[in-house]
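Trainee: Here are the chains, one letter per residue:
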Amino acid sequence: MSEIKQDQDQFIVKPTLIQYGHHVLIKLPSSGLKVAHVTEGGSINLGKFGTFDLSGIVGFPFGQTFEVLDERKVRAVKSTTYGNVDTLEPEDIPTADANADAAASDVVMDETSKENTPEPKTLGEKIDYLKRLDVKSSETNRDLLDIGAGSQALTMEEIETLKKTSKGANIGEAIIDKLIKSHANFNKKTIHSQEKYLKRKQQKFLRRFTVEYLGSSQLLQYYLEKEASKVLDMSEETLGLLLSLGNIQSGGRYLVIDETSGVLIAALLERMRGSGEIVLLHENEHPNISALDHSNFPIEIRQKMIDSLNLLQFFEPESERVEFQEYSTEELKELKSNKRTHYHRRKQNAIDTNKAIDNAIKGDFDALIVATTLYTPTLMKRLIESVGGSRPIIIYSQFKEPLIETQLDFMNDLRILTPALHESKARPYQTIPGRLHPMMTMRGGGGYLLSALRVYPVEEGVTAVGRGLKKKQKFEK
Amino acid sequence: MSEIKQDQDQFIVKPTLIQYGHHVLIKLPSSGLKVAHVTEGGSINLGKFGTFDLSGIVGFPFGQTFEVLDERKVRAVKSTTYGNVDTLEPEDIPTADANADAAASDVVMDETSKENTPEPKTLGEKIDYLKRLDVKSSETNRDLLDIGAGSQALTMEEIETLKKTSKGANIGEAIIDKLIKSHANFNKKTIHSQEKYLKRKQQKFLRRFTVEYLGSSQLLQYYLEKEASKVLDMSEETLGLLLSLGNIQSGGRYLVIDETSGVLIAALLERMRGSGEIVLLHENEHPNISALDHSNFPIEIRQKMIDSLNLLQFFEPESERVEFQEYSTEELKELKSNKRTHYHRRKQNAIDTNKAIDNAIKGDFDALIVATTLYTPTLMKRLIESVGGSRPIIIYSQFKEPLIETQLDFMNDLRILTPALHESKARPYQTIPGRLHPMMTMRGGGGYLLSALRVYPVEEGVTAVGRGLKKKQKFEK
Amino acid sequence: MPFIGYKTLIEEGDIVLAFIGRDAIKPIRINSEETLNTRYGVFPHKSMIGKRYGSQITSMKGYGFIHLLQPTPELWTLSLPHRTQIVYTPDSSYITQRLGITNGSRVIEAGTGSASFSHSLARTVHPHGQLFTYEFHESRFLEAKKEFEEHDIDVVINHRDVCKNGFEITNYDGGYLNADSIFLDLPAPWEAIPHLPKVINKNEKVGICCFSPCIEQVDKTVKALIEHGWTSIEMVEIQGRRWEARQSMKRDVDDAILRLKDVKRRKLEGIERKRKFYADNGDNNSKETENDSNDVREKRKLDEKEQTKVEKTEFNPFGRGMRVLEGDPKYNWLKVSKNEAELKSHTSYLTFAFKEAVANL
Amino acid sequence: MPFIGYKTLIEEGDIVLAFIGRDAIKPIRINSEETLNTRYGVFPHKSMIGKRYGSQITSMKGYGFIHLLQPTPELWTLSLPHRTQIVYTPDSSYITQRLGITNGSRVIEAGTGSASFSHSLARTVHPHGQLFTYEFHESRFLEAKKEFEEHDIDVVINHRDVCKNGFEITNYDGGYLNADSIFLDLPAPWEAIPHLPKVINKNEKVGICCFSPCIEQVDKTVKALIEHGWTSIEMVEIQGRRWEARQSMKRDVDDAILRLKDVKRRKLEGIERKRKFYADNGDNNSKETENDSNDVREKRKLDEKEQTKVEKTEFNPFGRGMRVLEGDPKYNWLKVSKNEAELKSHTSYLTFAFKEAVANL
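Chains as they are written, first to last, in the UniProt record's numbering: chain C, 1 to 477; chain F, 1 to 477; chain G, 1 to 361; chain V, 1 to 361.
Don't read these hints as lab results, they were simulated from the structure.
Treat each hint with caution, since some may be false.
[To be verified] With a Cα cut of at most 30 Å, we get these calculated DSSO-like pairs of lysine-lysine:
{"no.": "1", "chain 1": "F", "residue 1": "Lys347", "chain 2": "G", "residue 2": "Lys264"}
{"no.": "2", "chain 1": "G", "residue 1": "Lys330", "chain 2": "F", "residue 2": "Lys230"}
{"no.": "3", "chain 1": "F", "residue 1": "Lys362", "chain 2": "F", "residue 2": "Lys381"}
{"no.": "4", "chain 1": "F", "residue 1": "Lys362", "chain 2": "G", "residue 2": "Lys261"}
{"no.": "5", "chain 1": "C", "residue 1": "Lys48", "chain 2": "C", "residue 2": "Lys226"}
{"no.": "6", "chain 1": "F", "residue 1": "Lys339", "chain 2": "F", "residue 2": "Lys304"}
{"no.": "7", "chain 1": "V", "residue 1": "Lys276", "chain 2": "V", "residue 2": "Lys264"}
{"no.": "8", "chain 1": "C", "residue 1": "Lys333", "chain 2": "V", "residue 2": "Lys301"}
{"no.": "9", "chain 1": "G", "residue 1": "Lys330", "chain 2": "V", "residue 2": "Lys335"}
All chains should be built: construct the whole structure from the sequences, respecting the hints.
Mentor: Written out as structure tokens, the structure reads:
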């Protein structure tokens, strides 16, 4: 008898095209992130890139890159991002063999094309043009000085003037042209540093942005960039590991504490896609799941799938049940309109709370997922009982130390199997072929996970070490 | 007025040739390590590689590789170690382009040489021969099965028989020849796996070893392999960082606690090379510096440079000074011989201890270097005062946690500047050109360092946070 | 479906992971006729039926214990013999999250390998998505196919050299796989990349991850991705570490000093007693006792040993010379953590890239 | 010699590192005529003379403080503006230890670069060894040469393209450098490797370390080392991390529950008081008060607010809404550690190799 809880009707399809009503992630060239709600007549201000009407992006597929034109308009353009480029660059990277490398690769170097090719028009063409420049003279980077303020013949004032005199979308390219012409050492630079220089300038002046689907990873990235403490500094790799170790899937019933502003809940909902239940515990009057307001989960789905309870309601359910005296239809009619609204609100609250309490009391959750700043050793002692057999318990913490203490407790608890403390870090590389190396700097932190499985020890014959043993045995009978 | 303490006369030259009296490190092919004391008439048993007379290695330079012959003899051979080879090898490494890679590199591939070249004789030649085999047929490794027991047509019994029938140095090569011939899949293997296979077998059966100079790194490696807990699991990279952060140099005066069996002391002595002083604190009757018995520091240098005191003698010097009533020459003559020996021993102990106490009381050490399992927060509170101004304090711990507590203390102590907690890990790579990747596994652990500088806070005008402030001010006057 | 979904009670025919120890997780299919033999004893399957997943059970002889777990893709991965071609959870979980794979995703995986990542992907795309997996080795293909059937996992598996023959499946919906996520665990992913346009969804952004142990493979892969119009190329390495909580004795310097004082006190006491004994009895070498018989001298030696003995100290703050269990409440302990003696330091490089949808406006 | 050796008192002409802050370490040469201006105030050099190294001193106006440190190669490295070509201490210390460089070693370094590693090497080989360093860029060569002179460091420095012209120094002991350790921090070390046999000591084992940021450089370096007879080729990356101790509030779940109870109690109290007030005075919407004047209604509102107010709680276990300083003894704290928000994740790859001595027997 399989007990899968599927709910085919509730399946939320991930959209492929940008539509009104969507929350989207807007990626700016300098890796700045914004979240926008695409509404009819809505617009968004991208700071120095100007303001544009959101209607201009509707109907395009997610992942599309746009350029801000004049008059609040945008046009779709082809993306020119090739990958990770380290902004720090050691000078010990050789360029002597860059030609050989490039020749060996698929990029054809035409050394004679310099004179023959027509003036490059697009930025892509300009980059290509620069690639074709004869760089034999710069066999190594010995002739190069650091790219510093000194060698940049364009002053900030000149750039400001250019910004004012050039129009709209042309500003970026105009500045780049000027920069190329005026950069004292530009011709001395190697292909490699020319490209890098262009890329950096492009990021700075081109009024381009990309619109991405706002999945849980994008939501997390957005928070990490804005205020990492609001997601407890959790990294994407740690979130991914949590979801896998937690065996999160469509149809599950999960007990959750989430102090990541709701990003964790968003990630769970994304994996569940409309099917399953979450009992969300919190320590204040209401849970803080403000991130969900930026997400694309309809309010009905959130209401249907999430039961929230504060810790008092969860741990002392019987005394916290809301007693509610229903009025008869007669009595209701007697009430004034504002009293009636009040009555209905109170009634809904009582129904929700009592339903959540009933759900919580059932226990046997398919996973316990905790991301909290509460002290986990004492917290876990009270939560283990609610987890079903063979089901995972996953605790996230920004710091390793509270998880060490929790693991020591777990090691002495017969209700717990295989407690394991995980750290996962994604180390990004620069991805320029022929110049592969780990990025010189990366984000620190990212947090830790403690994972374990809830088990039922045999009733007798085993030394009773687990604290809640008696309670559990009663529970098992 | 420079205060460098140099002692040119005491300079110990690092030897380049193996001589009688040396302690040397013997590296076996399977990365097994032994320490041998090279004495006239001495011999060493290398287990299944047999026993040889140490006289055979005398006069050769350090770094020389030898082969064990029959009759306890060895002969010098050229080293054939090329670098790090991962013993785990994922199967997803392509070989299709191995030819192209190799052609592009300096290794010339002669595809026709297979028929023309004479039979290879030495192992190096065999490897070269294998390199030249036409491997066009194995475009990828799809035709290969795992190298397992199943595909190895030579049984362990056969190998044992071969070992018995072949003589001395030829055993290894005889077995390898047989293995090549009998390995069912050998011709299906790629060059790469053929080489790897040979290397592994070579390590297993060739009776070769290399004799290395026994420096502090080698001594550390030896302990790490035998029993890492005896050196508190300290890695070479952490030791190196300790010595640099500690500003260890010729002529320094260092206060040391060393629970690494003396490996740390050996590293300090190596950097000092005969000039300077160490006051060594310990918690038992005698310090455990047994590693120095394997080292090449003459006993006179050790006695001259190391003053050892137990913690009681160091912290309560005045009550621990050894009072010693000297006898007159007359009285001495009266004593029986064993009593006189006893008298002289007691006298030497009194002199040594009181000299060490005098030295310790002087304070103003050029560095405080601690590698201990004692709880460092309380320990450091008592040791800071003995450190000179602007001089480093370096604490090693196998675990990060006690250093966290110590750093928190340091952050509130005005006598301490820039407390910093360091972790350093060397990540080794497989170094086969065209197949570079980090080794699939590496040693865990390696320990942590807390570094700081001792400073003198101004006497007034600064909120008194540091505990020992009053004591220190008195000290400063 | 024991691998996907949740189940409470163990029934005949179910797959159970018998947890014998951290490195011994044995999958069994419940057959009431059979028994499980482990180093902890014999466990008849019959004794498992009706038990809840997660139950600890006792061996027939009553002295050994094992736990009965419901299989999950992650536990399944742990139960496999350690081989290098397994995509372990720190990598597989990141790839899944980074590519945005979720319920409803259409995923291509090549090659299938140990099929452990396939299990995880199938769980995540279930029930509205689809996993397509390709394996070149016939033996592995057959093994994986059988495994998927036994595990009741809905996967389209193909015996195929995707580098030569691409990904199209003519008998599947006209060959339109419309994949939105690609995972290539192949020796030469650059040979497979040109075949992808025919099977990916052109109307949405598609993600790819190539999994390669050597850096030279990454170089070739990046070049191929650029050539075939993939953008946002980023490569990362996942460095997963495991930590273990431990307790380390908090050995205070003051206790160490007190101990030295105690040692010294007892030493002085011994000297004092010896002095007293010699004053009372003379020592064996002194002139007074020079003429004593050997018997008398022996007796005096024994008496000396007896009367000058200093009893062992009660003060032993660090349990020297005793077997102290970690965490023994008689001592003070510091909670610490350490990682494995041998770290898994590398699996593969993960090269990610994305292909934009074609705008239809 | 302030960089090598030890000094206690600060004198005229000494170099002092003025520690203004972690990222502001300013080297000054003591000149009693000069003053040091910092963001913490003005410090005349005169006030430093006679002070011990390590002293904290007060600014002229008495409100700012700096520390006066004796320069060491490691502090010097920290004082340099952050540039990528600096070999930082985690790398330089490992290279030194791994190559066995110590007092007496003869070391070749190319290029000199920021000269920070040169300082460290010179300290370690002093006084019986010798450092030879080579720099291609003329400006850097001149800068480093001047620095060595000012810092009283005994180094043989050459303005040279070692890749083209090798390492020999004709005016030095007939060109016999007899180096035992080589450090190459060059864009193309493989071009310099063929020149080494002329300057290394043939009678002992010689070690080399090549320092390259990109993996492709390692590949070329390894090939060149093999070709030129170097053995035991090993490449490592040093991953140095810095940690910082912190305190994190120990927020117990029982306190959280008590707080919720307290919140609830106060809420009920408020409702009770409101009920009582309405019973006594009616509420503004009830029929009884329907005909009251606006003034009366306003008055009743104020009275209600006043009489039904529940005083703020004293129970605030986690200091909600208050500014709590880390470690405030009114709360419980857990000692934790974290690393920098931005990790230095890569410097360069370190390729080591050794060349055996030629046996003379």
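Trainee: Going through the earlier hints one by one, which of them does the structure break, listed in rising order?
Mentor: Going through the list in order, the structure violates no hint and respects every one.
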